[in-house]
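J.: From first to last, the protein sequence lines are chains F, D and B.
Counted from 1, the first sequence has number 429 at position 429 by our numbering; the numbering is strictly sequential.
Counted from 1, the second sequence has number 268 at position 268 by our numbering; the numbering is strictly sequential.
Counted from 1, the third sequence has number 313 at position 313 by our numbering; the numbering is strictly sequential.
One or more of the hints may lead you astray.
Intra- or inter-copy, both count: the list cannot distinguish identical chains.
In silico DSSO-like pairs for lysine-lysine, Cα to Cα no more than 27 Å straight-line [stated by the list, open to error]:
1. 433 x 58
2. 280 x 433
3. 428 x 243
4. 360 x 58
5. 58 x 428
6. 243 x 71
7. 360 x 243
8. 154 x 71
9. 154 x 433
Rather than coming from a laboratory, the hints here were simulated on the basis of the structure.
Owing to the predicted nature of the structure, the values given are computational and were not obtained by experimental measurement.
The residues making up each chain are set out below.
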Amino acid sequence: MHDLSSDQVQTLGAEMHEMMTRLFPICRSLTGNGVRETFAILQDVIGLDVHEVPSGTKCFDWTVPDEWNIKDAYVKTPDGRRVIDFQESNLHVMGYSTPIDAEMSLEDLRPHLYADPSLPHAIPYLTSYYQRRWGFCLSQEALDAMPPGPYEVKIDSSLEPGSLTYAETLIPGDSEEEILLSTNVCHPSLANNELSGPVLTAFLARHIARLPRRRYSYRIVFVPETIGMLAYLDRNLDAMRSKVVGGYHVVCVGGPGDFTYIQSRNADCLTDKVTAHILKHACDNASIDSYSLRGSDERQLCAPGIDLPIGTLTKTKFENYPEYHTSLDDLDYVRPEHMGTAFDVYCQCLGLLEQNHHYKVTQLGEPNLGSRGLWPTIGGQAYRQELVHQLLALLAYADGENDLIDIAERHDMQASVLYPVAETLHEKGLLEK
Amino acid sequence: MHDLSSDQVQTLGAEMHEMMTRLFPICRSLTGNGVRETFAILQDVIGLDVHEVPSGTKCFDWTVPDEWNIKDAYVKTPDGRRVIDFQESNLHVMGYSTPIDAEMSLEDLRPHLYADPSLPHAIPYLTSYYQRRWGFCLSQEALDAMPPGPYEVKIDSSLEPGSLTYAETLIPGDSEEEILLSTNVCHPSLANNELSGPVLTAFLARHIARLPRRRYSYRIVFVPETIGMLAYLDRNLDAMRSKVVGGYHVVCVGGPGDFTYIQSRNADCLTDKVTAHILKHACDNASIDSYSLRGSDERQLCAPGIDLPIGTLTKTKFENYPEYHTSLDDLDYVRPEHMGTAFDVYCQCLGLLEQNHHYKVTQLGEPNLGSRGLWPTIGGQAYRQELVHQLLALLAYADGENDLIDIAERHDMQASVLYPVAETLHEKGLLEK
Amino acid sequence: MHDLSSDQVQTLGAEMHEMMTRLFPICRSLTGNGVRETFAILQDVIGLDVHEVPSGTKCFDWTVPDEWNIKDAYVKTPDGRRVIDFQESNLHVMGYSTPIDAEMSLEDLRPHLYADPSLPHAIPYLTSYYQRRWGFCLSQEALDAMPPGPYEVKIDSSLEPGSLTYAETLIPGDSEEEILLSTNVCHPSLANNELSGPVLTAFLARHIARLPRRRYSYRIVFVPETIGMLAYLDRNLDAMRSKVVGGYHVVCVGGPGDFTYIQSRNADCLTDKVTAHILKHACDNASIDSYSLRGSDERQLCAPGIDLPIGTLTKTKFENYPEYHTSLDDLDYVRPEHMGTAFDVYCQCLGLLEQNHHYKVTQLGEPNLGSRGLWPTIGGQAYRQELVHQLLALLAYADGENDLIDIAERHDMQASVLYPVAETLHEKGLLEK
């Protein structure tokens, strides 16, 4: 799965960035038509089953809120100039803003205006999902330039019983055991966090679906953050507990920064092991964060009592870059080559999940390698070629207890390099899985 | 239990030093009236049940020896001058000296005189509990100044069947599980080792008894060293094995030196964990010794097969100071402020024993903190305040497996700081114990 | 077992080197009369039972090959001069060479000539056990000096159904549990690898057999490498699995280099622990290799599923010295003092295997050492003599869980020094085994 040429990676990066460009302008939120439109477009990449969860549905400790939709919003001067304009950027409206249609002075409007003085050019991204309020977000510079008013203030939104929308697909494999790939679709015009996640996930799913065969089945899940993930888990947790053996929550994978992996809660699952091995060998400057430094839907997937064996693998992690949750996290910030690199590293990780067998030698004592063409027939010379090392490593530690990664790490080898040697021994009948 | 103001600590230090001043002149030993008098005075601080164990009683590998009492002792010159005088310091007589009343030359007396040339001003403290002999201890300087004699030599002691005396009390708590505080009462006029232990223990017991409620019951034990502790264990071991969950042997807690904690035998009990956490956060230069460096009654409490979950917490550990077991270990060596500091650190340790619950989250998935006023209702802004860190730490690792200290140490926090946050989550119904 | 004087060691070293000198000229191989002659001579040191395994016998993944014997071999010039002569060194003939009797040019002979340009003076040692071919080995210098021929080429060997020969003996001890000592006997005129192994093993066996008593029984095994060891295991594995508790594969023990120990596969057996302790205290520059760096018959003894609790202890490990598998590994390379040192270290290891009991205190609480003459009867003085340390170490940790090495290492002591103290406590009834 992970043998991609650099040409393939480049082409995929460009394709993904193009898809992000199509999806970028849509105003997504926890609920509403923005999410549905997004799924309609992603269907061009991978077939998805779309589900609706009615407002008011209890999901563990939470309740699905009313559905929010918005047509337009602005703050207009008496001469008709829109000083804040939703059409220009959907970040200008605080997510889940209630409707408003009024004339007011700057003084009255001011408590509803949000800016971040630390990034004076940027529009901050804010929401108020569970407390009804309305607000506009704008750059500090724009705020400072606003005359005293009066203003025509309008948010043409609706907040009514409806439903929350999520999508999923299952790509069957040789085993009913599953790898999970999940991602979030609730952010409006923000690129790294979070168009990169759903787009990479869709393209990974397409890539996996096109493979001639897969060891594992793949559960691909697109949900709004927190309540969407909880709604999904509420419906699927029992099946996931019995089937999911590994996987990733895919977020913030398109930035120029380094890879950061957030471990599962107890840092002891297969995904943690696979990812640490790949990051060590394939990425410079990658870092591994404990679950204490979580922030996305691993908060649900790995919560105590849920404890699915997954981690979150980011490239430019949320909160680690100043553009996070601002209008600066845009399509210039996320580049095709970043998406390509992330695709490649994810493929290496998924590839190792597939390859990481527990091999076991079939013979007592060292097998007769010479008779199988795996060892020189003239004996006595001292040599330690790489292949010999690899054969000896496997024959010693392929005891059914150690998996491929254990054997590789014990010998400071790369599991992906050891894998073909293990497969040769498997074909010769000397290792069983 | 551990929130003491510095005023309280100062007052308690003075009170404890005053009590030590009352107890200091009494000639205590393994047995005899000195121990009984000591208990009579300690009753002013905390009510105690006093028990007698007859001479000859078998206690595991040992036997309670005859009871020793002494009225007077001296070495007198022909002109009636006492060159060695028990009235001046009870250290002058080797503990458990048999009676003697004779006239003799210095030459004959010399084998019965004990001095320590390495501390020429100090009277050493020596005993001969299990081999009958008599002797006088004196400073090297005094010894060197003695004329050839003859001398009138008198020890007015008795060594006869009687009993060994110990005292205890039980302070009931919400649970029948117990915290043990034990200490030794067999030393004559010595301050750090060992009036500090029984006095601190008595004041801690008073403090605990005055608390409105306690999670645990507290077993408070005052015994002569070795044979006294073994006699106590012989009578109480079954109950202690089933009830004691933690606690301390309290010795050498009044000197100017640093805290040293002696771990339980396998360094794996709750007390070891609690104490390491407190010493790390509350004390500079504290050190932790393995059980190999034991010396007091942890030799009994943690012996193989007894293995109670306790440790010994000292401030100026036995053998670590030159004044140890000499007349220099006096009321000037032990200061009120040292006793106050020890009281404070013991309170912190006992407080953490009480607070160290195994919390467990009650919800699957991250709970809705916003609806409970624990999280901002406007989402999207990056922040990592201390409270948020603490909430996230608890919600991730309060899984019933980790206790409060585990969670605190995983996040490099202080357990006592995390405790109120845990209690808030407990009150909101999000954590159970 | 391990208290040898330096005189004894020196005498033994000389005796062993003399035995090596007798055995050196014999042309040993996997099979054939050279092995039988070797056993006949070793019988002078220790009685051995000799076994024959017929050619064609299946041993796990392998088959015993035809028996190889050789009378003479040479490459002769027309004028009758032997330019390559088996009588001069049996290394000149590739092991298991098929017979040849022909006249040929250098050009035709050349593919059958083997030299190692990296050691131009040395004859390399080569074999072709499982693929029928013939060949001569010679120094690069000799090869370069050969005129174009023609040559009379003769190898007077036979390769016919026969048998493989091995030898063993069992030295009974108090227990049926066994210590294994195995070694290889298939190398022709090579000294460190591998006359040193069988000679040291024979002398160790004689030393063990002469002891008045032994805790364990000793299984002593002399086999040709790989197929010989597999043949032995095929016949004895069940018994060995239930009886062998430790031991060594003895190879490369006579060189001037340092000790290297190859651990068992999972580095967790008693032999690993004992050897690490001895090497740390008794040898400078000793090193410990993981099983990944194996090369001799530990490849069989510790293979997955066999996993006997043994290791390989070398002095000048195979492949670590340039003379390895060449004519330079001769009787000048292996010196009497090296053999003596190896004997001494092996005796220390075997001695510790015998001494390493799990002791357990018999008393609850600290025992009364004074009453048994193990502690001063005058109490109160601070002292920490070595004996006191040793007594305290044993009384604390002799709990039936820790063995002698555990207790020694916990206190940074030498187990052999702690052993007599443990035995004293055992005699006094304070420790049981």
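J.: Determine for every hint whether it applies to the structure shown.
T.: Here is how each hint holds up against the structure:
With identical chains, the CA atoms of residue 433 and residue 58 are at most 27 Å apart between copies only, with a shortest distance of 25 Å across copies and 44 Å within one. For the homomeric pair residue 280 and residue 433, the shortest alpha-carbon distance inside one copy (26 Å) is at most 27 Å, but the shortest distance between copies (40 Å) is not. Within a single copy, residue 428 and residue 243 get their C-alpha atoms no closer than 31 Å, and across copies no closer than 34 Å, so neither meets the 27 Å cut-off. Within a single copy, residue 360 and residue 58 get their C-alpha atoms only as close as 48 Å, which misses the 27 Å cut-off; across copies the closest is 22 Å, which meets it.
With identical chains, the CA atoms of residue 58 and residue 428 are at most 27 Å apart between copies only, with a shortest distance of 19 Å across copies and 56 Å within one. Proximity of residue 243 and residue 71 under a CA criterion of 27 Å is satisfied in neither setting, with 42 Å inside one chain copy and 68 Å between copies. Taking the shortest Cα distances, residue 360 and residue 243 sit within 27 Å of each other both inside one copy (24 Å) and across copies (25 Å). In this assembly of identical chains, the alpha carbons of residue 154 and residue 71 lie at most 27 Å apart only when taken from the same copy (11 Å versus 100 Å across copies).
Proximity of residue 154 and residue 433 under a CA criterion of 27 Å is satisfied in neither setting, with 65 Å inside one chain copy and 50 Å between copies.
When held up to the earlier numbered hints, the structure conflicts with 3, 6, 9 and fits the remainder.
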